[in-house]
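Enquirer: Could you build all of it, start to finish, from the sequences and the hints given here?
From first to last, the protein sequence lines stand for chains S and Y.
Per my numbering, residue 1425 is the first one in the first sequence, and the count goes up by one each step.
Per my numbering, residue 329 is the first one in the second sequence, and the count goes up by one each step.
Treat the hints with care, since some could be wrong.
To be verified - Here chain S is said to cover these stretches of chain Y; the calculated rule only asks that three of the stretch's residues, wherever they fall, bring their Cβ under 8 Å from a Cβ of chain S:
id : region
1  : 339-345
2  : 348-354
3  : 409-415
4  : 421-435
Stated by the list, open to error - Below, simulated SDA-like cross-link-like pairs (lysine to any residue); rule was C-alpha separation at most 20 Å, straight line:
id : chain 1 : residue 1 : chain 2 : residue 2
5  : S       : Lys1614   : Y       : Pro396
6  : S       : Lys1614   : Y       : Leu391
7  : Y       : Lys429    : S       : Val1504
8  : S       : Lys1614   : Y       : Val393
9  : Y       : Lys429    : S       : Ser1649
10 : Y       : Lys429    : Y       : Asp449
11 : Y       : Lys429    : Y       : Leu439
12 : Y       : Lys480    : Y       : Asp449
13 : S       : Lys1614   : Y       : Ile390
14 : Y       : Lys480    : Y       : Leu450
Said to hold, decoys possible - Using C-beta positions, here's what the derived DEER-type ranges look like:
id : chain 1 : residue 1 : chain 2 : residue 2 : range
15 : Y       : Ala388    : S       : Tyr1542   : 14 to 20 Å
16 : Y       : Ala388    : S       : Leu1456   : 19 to 25 Å
17 : Y       : Gly397    : S       : Leu1620   : 23 to 29 Å
Treat the hints as calculated values from the structure; they're not laboratory data.
Glycine is no exception: its CB is placed at the ideal position from the N, C-alpha and C atoms.
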Amino acid sequence: MRNIASLLFAAGLGFLLLVIAGQLGFGEPSMLIGGDILSAAPDEVGAANIVTAVLLGYRGIDTLGELSILFAAATAAGLVLAGGRGAAASHLSDAPAGFILRTGADLLFPLLLGVGFYIILHGHLTPGGGFQGGVILAAAFFVLVLARPAGGMSHTAIAVIEGLAGAGFIALGLWSLLADGDFLKPMLGKGVLGELLSAGTLPLLSLAVGLKVGAELAGLMTQLSEQPPPELTGQPLAGQSPEHTAGPETQD
Amino acid sequence: MAYLTFETILYAGAIGLIALGSLGLVLSRHLFRLVLALAIAEAGANLLLVLTGYRGGAVAPILGVHQPGTTMVDPIPQVLVLTAIVIGVGVQALAVSVLLKIYRAYGTLDLRVLREHLELDLAKAAGIRAPGSQEAPAGERPLPPPIPAVAKAAKESAP
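Expert: Now the structure itself:
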């Protein structure tokens, strides 16, 4: 009964969305602001990649809000996972990983670092930017953690990088607020379209976003990897009868 | 099937992912599967958002590559999805860390077992009989001997 109701619910949801999507008209966006931004962005911002121009120029304060959501998620995860760290260290197998993973990590780390910074710094010219490059940077550091669990990463360094990047983003916004009266308005002129040093403060904002996202995700993954495996500490409740621990497969 | 065009397939894929994810959210009783179902529904929502910016024969919104005046796709949905993906990863990491704590406390991620545990714990903390549990059924039937832990908690909280 429950399954049938759920199936009906999902089918109805899909049908509703399909009907709405069918009325939209594929390939003819009903939102006009996209076209306006496409025609105005080259003169106003000077970034070749209009997605980045919207992300850091027109919607800069929304990006700040999204960064704070990510920051809140990372902080909350740290809060939830904290406490077990001292005990966790003894449970962790400190032995480095196998030869292939270690060599591969040494090979991959500089490559990933280079690709990450390239994508961050060319965010205003090519597809990419702070968010994408930051995730690649986090992956670079996590490869190191996978290869050598004992080495780990300094939580202080991660926190310092994250804080500095966030403060830098806000400081750039405040600078434009004081100088020009608009928060997070691109400064320093537009430059020549398509050059690395163009689009004013957009590359700097992109760098701040990239470092912040990279530090936050690297911190999250490091904290998750530092947890002891649950088999070692998971204590079933006293008085719990064995049939209560039946697998999740049993359905009505 | 004259309606089975390219855009129908794309829309059906995105909406199908959303429907699959919500079906998983309703049906599954394992907490980790709930997180996975949420990720699937989120992927479908992102795909649907990007699809709304599509224009026929348009190019990516990058200047200086194509002739000026070429139609470009709508950049706004791409920006929205760009940040939504990264935030989705952060929220999933938070959910997984909460799941780790739950598993460590109760030794299971099955929702039904967890509900029983929670009811017992709440009743124990409040010093009352657990509602509707097998150990202490409600109603007029002759009661079995009380659970020692619950009786002790009740005795302690009475004065």
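Enquirer: Does each hint hold? Answer for all of them.
Expert: Comparing the hints with the structure gives:
1. 339-345: Answer holds; 4 residues pass the 8 Å Cβ test.
2. 348-354: holds (count 4)
3. 409-415: Per the Cβ count (5), the hint holds.
4. 421-435: Held - the region 421-435 of chain Y has 11 residues with a Cβ nearer than 8 Å to chain S, which meets the minimum of three.
5. S:Lys1614 / Y:Pro396: With Cα atoms ~19 Å apart, Lys1614 (chain S) and Pro396 (chain Y) stay inside 20 Å; holds.
6. S:Lys1614 / Y:Leu391: Between Lys1614 (chain S) and Leu391 (chain Y) the Cα gap is close to 14 Å, so the pair holds against 20 Å.
7. Y:Lys429 / S:Val1504: Between Lys429 (chain Y) and Val1504 (chain S) the Cα gap is close to 7 Å, so the pair holds against 20 Å.
8. S:Lys1614 / Y:Val393: It holds: about 18 Å lies between the C-alpha atoms, which stays within 20 Å.
9. Y:Lys429 / S:Ser1649: holds (14 Å)
10. Y:Lys429 / Y:Asp449: holds (16 Å)
11. Y:Lys429 / Y:Leu439: holds (14 Å)
12. Y:Lys480 / Y:Asp449: Holds: Lys480 (chain Y) and Asp449 (chain Y) sit about 14 Å apart, inside 20 Å.
13. S:Lys1614 / Y:Ile390: holds (16 Å)
14. Y:Lys480 / Y:Leu450: Holds: Lys480 (chain Y) and Leu450 (chain Y) sit about 15 Å apart, inside 20 Å.
15. Y:Ala388 / S:Tyr1542: 14 to 20 Å: holds (18 Å)
16. Y:Ala388 / S:Leu1456: 19 to 25 Å: Roughly 20 Å apart at Cβ, these two residues keep to the hinted range, so it holds.
17. Y:Gly397 / S:Leu1620: 23 to 29 Å: holds (26 Å)
In the structure shown, no violation is registered for any of the earlier numbered hints.
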